Amino acid sequence: MDSRIIEQHGLTPDEYDRIVVFMGREPNLTELGIFSVMWSEHCSYKSSRVHLKTLPTEGPQVLQGPGENAGAVDIGDGLAAVFKIESHNHPSFIEPYQGAATGVGGIIRDIFTMGARPIALMNSLRFGALDAPGTRRLLEGVVAGIAGYGNSIGIPTVGGEIAFEPLYAGNVLVNVFCLGVAKTADIIKGVASGVGNAVYYVGAKTGRDGIHGATMASAEFDEKSSEKRPAVQVGDPFMEKLLLEACLEVMQTDTLIGIQDMGAAGLTCSTTEMGSRGGAGVEIDVSLVPQRESGMTPYEIMLSESQERMLLVVKSGREAEVERIFDKWDLHASHIGHVTNDGMLRVKNKGVVVAEIPNRALTDEAPVYHRPMDRPSYLADAQRLDVNAVAAKGYGACASNGEALLALLVSPTICSKNWAYRQYDHMVQTNTVNRPGMGAGVVRVKGTDRALAMSVDGNGRYCYLDPKRGAMLAVAEAARNVACAGAKPLGATNCLNFGNPERPATMWQFAKAVEGIGEACRALGTPITGGNVSLYNETDGRAIYPTPIIGIVGLMEHADRVVSGRFQGTGDVVVLLGEGKGELGGSEYLKTVHDIVAGEPPAIDLAAERTLQELLVELADERLVRSAQDCSDGGLAVVLAECCFGTGGIGVEASIAGVQIGADARMNEAAALFGESASRVVVSTSPDRLTDVLQRAAAKRVPAAVIGQTGGNLLTIAVGGRVAVDLSVDAAERAWSSALERHFSKRVA
Amino acid sequence: MKFAVIVFPGSNCDQDAYYAVTHVLGQQAEMVWHKDASLKGADVVILPGGFAHGDYLRTGAMARFSPIMNAVRSFAESGGPTLGICNGFQVLLEAGLLPGAMLRNRGLKFRCEHVHIRVEHTDTPFTLRCAPGQLLRIPIAHGEGNYYADPQTIASLEKNRQVIFRYTDAGGVVCDEANPNGSVASIAGICNERRNIVGLMPHPERACELSLGSTDGLVILESVVSALTAV
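Line by line, the protein sequences give chains Y and G.
Just add 1 to the spot in the first sequence (first one is 1) and you have my numbering.
Just add 15 to the spot in the second sequence (first one is 1) and you have my numbering.
Honestly, the hints are just simulated from the structure, not real lab data.
Here the structure is a predicted model, which means the values were calculated and not measured.
No false leads were mixed into what you were given.
Derived DSS-like pairs: lysine-lysine, alpha-carbon spacing no greater than 25 Å straight-line:
id : chain 1 : residue 1 : chain 2 : residue 2
1  : G       : Lys17     : G       : Lys50
2  : Y       : Lys206    : G       : Lys50
3  : G       : Lys17     : Y       : Lys447
4  : Y       : Lys592    : Y       : Lys582
5  : Y       : Lys329    : Y       : Lys316
6  : Y       : Lys469    : Y       : Lys592
7  : G       : Lys50     : Y       : Lys329
8  : Y       : Lys329    : G       : Lys55
9  : Y       : Lys582    : Y       : Lys394
10 : Y       : Lys351    : Y       : Lys316
11 : Y       : Lys47     : Y       : Lys469
12 : Y       : Lys316    : Y       : Lys190
Given the sequences, and given the hints that come with them, work out the whole structure.
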């Protein structure tokens, strides 16, 4: 075969030689296309697999670990929480609305494919600097796309995070998370088995959209990337709503052997993966596949990534029952093939074989690379932080630390994202207990007393400065958010966004981050149940920050004990759990006020983190705290402000301990206010429960200090006895809540 | 008492309405598929929120052709209490059971948040238990809730006291800032001349339990129970 064609398919000469060995002959073009998508980074995990294998995936609560459409954990009463996070970065950069919309559609399919009804969505988004050209268009498109799909299908988007850093300007990150609930006994998998069982295709017709989407997601961007627009699919949430309801109805019968959605690599991936998992072969005839356009070749049909399509394996003799249910929903179920016992993917066109490949060659035998790794050269410099030198250069436009707090509150990453959240229907299904913008999202589970809390977190700056510690901090923060709501963290899912794995420095970042995730998940008792890897997030040779995003799901036994992130009234005592050490490395403060990204991210003691989280769950369960909010971006001062926001103007008078990190008094004060030391939570409690709270903290050896009281309408923070911040809550909240919109109107003007 | 909740393909608040009626209110309800011909003896009909048939053409435009709409029309036209919520309101407009039309929100964005609405008239089966001028804090969630009708129609709605709910600020004052979507005269909900058909954009079924942030929507469902019990 022409070497140019091989290269266009993203295959190396070595990989092509391997294909010829497996096949015992040269592949034809259709077969080459099938290999190219199945062996793409996106589908094969060829660079990441050796590292992912080291992650903890087991635990008594784990019902389904990685390898299926989604993971599942036991939540009692015979129910399972089914969840996963996935990226749709490349398509969202090229076509933000459809890219994001189809990302949401894809993750929802992964969940209901398991037999679970999806009950909540979340997302983690990264864009370039807010004032950079294109950012607003991308942000508006992505948010509208997420809203357009989630709102229409009727699954609430209950939270998430949005951050802005210049390095994401050429590669936005759109990571979408979905959670569903299934009866454990009803969980169904993506397997094909039983010779002669029928293979059905249901859903939207196949068009030419998205051909080679998986290959696109496995390459860097350059100036020609906008030409790849035809590789982005178009979403139809209405079709997916019908599929969702119809599939869940079919699953109530026992007519199915297995089911899988057609996501990346479409019909190719679903047929081979189902066959491979079931140790069987699958034979289909592409002429029976419903087609949107005429004249499509088998190559195009096999590689199309048209959305809202499912592949079902139906027990022989039960076909009519299945067809009847799909008919009710005006969906046509097409019988396109059957299960065989020869382990082959066999594709026919009007009865003539056009492709014939051993399943194993496409899945288990796909290439695995131990890519070379090398500690990046930038690290030594980047990790060095001389706070005295920073102080000597001055404090920019901020005349005081009070002004610095205001600057942080309106910074794009910290300011209110209500502009986005109110575009998402976050209340449909009437389960949403904690609404977006308050740490974890919480939904109750109807028919039980229970609730599920979830959080997605990541900090690219931390991971840039120390990928292992940054990844540990991401796991810890996501789990801490869930624990703040009062839920016990049960399981994790990860979405690993990195640059080009063929660069040793990127691969080193990847390996270190996976190491960090593994260590943290082991320590915190949250095994990884699935996820997704997105590599090649580079444009013209510049990579994004290494950005692992962690989703954590936690369980609370009593939905009526959910703890809010906001102060609940005046006269409550404010307690800081954990200790601040004034760590400014990689902080939002250094970036916003001093325009510096440097230093080592905060240290983390995972054992102490776990104890803190156990304490939070206990405090919630015993109804001892009225609010709990974790300290992250912007440190203690920002958290105290956020606890006041959305309360109708409840203020706080706080006094916190000083720290000494250098010679400059103002910098020391800033470190106490804005340092981002991990494992800290601000809780509030009524005075009569304070002793109980402090005793329980002491019993677990969690440092706890009374730092203030709620009341008044001012946000006052003294550091080491000297008042450093004195702001009107209303004014601060107005600035924080309107920052994004003000920024947009400024740009228009 | 039995409620019928109409399920169109693409309805997504059907289960929420069913849950509020059965679980919170303790009444009977039945989900009625849009291809059915009969309301199965229901005393009240709810057209729930969602995106019936995907709403790709125009909100509610396809749903009015669903077979069940014949039964809904005869039920409503013979005086049966009929409530259209959000997309259900849009369907009632498209079906001609209520006057006017919906435009895209001013600002062109979907909006989901709690708003305040004022009960303008209590002589409908769905506001019977409200106090005149009562303020309700209820969520909205729509992209096309910008109610429009020509000036004559608006004048006649006002004259006939058919404007049932208006968006207001937290103090109950009608003002432009508190109008979330640009609706003419801040209209959030209206009724027909006979007053048995009510449509509104806010979602009372989402405001029936304290744990979800508000119970102000309950009075709308309780009103129709009272209305029918009183007969």
